[in-house]
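Residue-level listing of the chains:
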Amino acid sequence: MIEVKNVVKEYNGFKVLDNISLKINKGMVTSFIGPNGAGKSTLLSIISRLIDRDGGEVYIDGKEIRDWDSGELARKISILKQFNHINIRLTVRELVSFGRFPYSQGRLTKEDWQKVDEAIRYMKLEDIQHKYLDNLSGGQKQRAFIAMVIAQDTEYILLDEPLNNLDIKHSVDIMKTLRRLANELGKTIIIVIHDINFASCYSDYIVVLNNGRIAEEGRVDEILREEVLENIYELKFSIQNIGNNRICVYY
Amino acid sequence: MMNVKSKLYILLIAFIVLVMLFLIIGLNSYNWKYALSRRIPKIMAIILIGSSISFSSTLFQTITNNRILTPSVLGLDSLYMFIQTFIVFVFGSMKMAYLGKNFNFLVSVILMVLFSVIIFLMLFKKKNNIFFLLLFGMVFGTLFQSLTSFMQVLIDPNEFLVIQNRSFVSFNNINMDLLWIAIIGVFLTAIYIFRHIGSLDVMSLGRDNAISLGVNYDVQVKRVLIVVAVLVSISTALVGPITFLGLLVINISREFIKTYKHKYLIPGSMLIGSIILVGGQLIAERIMKFETPIGVVINFLGGIYFIYLILREGKAI
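The listed protein sequences derive, respectively, from chains A and B.
Using the working numbering, you'd call the opening residue of the first sequence number -15 and step up by one each time.
Using the working numbering, you'd call the opening residue of the second sequence number 7 and step up by one each time.
To be clear, the hints were calculated from the coordinates, so they are not data collected in a lab.
On a predicted model such as this, the values are computed, not experimentally measured, just so you know.
Fair warning: there could be bad hints in the mix.
[Stated by the list, open to error] Derived contacts from chain B toward chain A, CB cut-off under 8 Å, selection only:
| hint | residue |
| --- | --- |
| 1 | ARG73 |
| 2 | LEU75 |
| 3 | SER210 |
| 4 | GLY220 |
| 5 | ASN222 |
[Claimed, not checked] Output of the computed footprint for chain B on chain A, the stretches with three or more beta carbons under 8 Å from beta carbons of chain B:
| hint | segment |
| --- | --- |
| 6 | 47 to 60 |
| 7 | 66 to 77 |
| 8 | 176 to 188 |
[As the list claims (entries may be wrong)] Result set (DSS-like, lysine-lysine): computed pairs, CA atoms no more than 30 Å apart in a straight line:
| hint | chain 1 | residue 1 | chain 2 | residue 2 |
| --- | --- | --- | --- | --- |
| 9 | B | LYS228 | A | LYS47 |
| 10 | A | LYS153 | A | LYS220 |
| 11 | B | LYS269 | A | LYS94 |
| 12 | B | LYS228 | A | LYS(-1) |
| 13 | B | LYS264 | A | LYS115 |
Where is the CB? At the ideal position from N, CA and C, for every residue including glycine.
Make a model of the complete structure from these sequences and hints.
Listed below in structure tokens is the structure:
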């Protein structure tokens, strides 16, 4: 379980995160939603130790992240940020093999390569595994990065806007994969996402942030209510049940 | 396509051939003892400098995540010239000669490392922003240059000649004691870096990915930057302002070796750096008859190579 306690983050006196406390349960897909500047990405970066906080604690499986050994923590939690521009030329397979670094420090064993192959298969990248990343489309690249995270084989997987710049087909593919990771492999997934309908259809739990605070949190049916979302986004919402999903219309 | 290992072997062979050429050209049964006693220290210094400049440039590009910058942006060349000019300005060249090369070497290395550490500390306060590094390096570089020319204008013309000699890279008067100190220094840093060679590969994925993969990124960056400062300072204090070599070497290396793996990239660039310097020195000595400084030779050939690269890239688009 991930437990966030009274986390504060300031930039030049402005509180980006104001006393956030949150528990994230295992085996679920949790989405962080909210307007731009609400602090979603910052919170994700703090949980994954990419940036330091100005106050509060983050516990992963009962241990504060500062007390974790950096290498050990990398076998527990992984994060993928939204901007992944890489300055070196890599093939898909080489990129995915980096996911095994926490286990082998760059000297991959047979077992490591097996995991790399599994991850490539899982993301259906077999055909393009020897292609260079700079020759791939945005969707293929994103899948390659997710394959790296899968090869890293961590219990917790954090993704910052994984659907950024993807068309609807690739977006659906990626969300389905995340769902499978949670259902089949028991991973705990946390994503920052802008599209409320994607969050609604594919997550178990939704956390709504606004102005550096947690505005609401709960199961999908608790959050996807007109009065809740209208309040946060300052837009007119109409929410309908289509199939088993709750879909918002706000256009 | 050749694999990486055979490319490294080719470089190694080219390197050995050049070194042999450098050592045996013009030897005969009368002069060989004297000539070798001059040439061996010289070739050792050339190899040391070629390797450490290439080594530091590769490391610097990895941690700054940038393919254009080299440690020359730190402005250490200007600082070195400033130190030399300052010593001559205050004490005079006689006193400088009296204090000896060891003293000069030590002072220069210490000041340059200290200066780099100060720049790095400022950099870390600014959240690792690479533009601040550039800005600091440029501002201080210009400051030192202006102070240097100010003092150079004031001093005696004969003293000025002493300084001017220092501004050219020279392998002609290498002090063996200093050479050994430098070799040990470079060797120790190399051992240290090679123990962390895997994390360097991960660091070239950028900070976020590196941390996610368990590399203690911020600590590692500081350590590697200090290694870079030590390497550059030792090289510069030993032979003069040499950092221009870095840009040429690292680009040729990446172009030729085509790998992101530092365990191949670093040895490869060290070999290429040494090959360029030995070759440059051969041209400067044998073809130009010592009339052209090696820096000019290398920059001339390097410039041609860059124009070729640009033209070829232009066609590719």
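Q. Which of the stated hints cannot be reconciled with the structure, identified by number in ascending sequence?
A. Of the numbered hints given earlier, those the structure breaks are 2, 8, listed in rising order.
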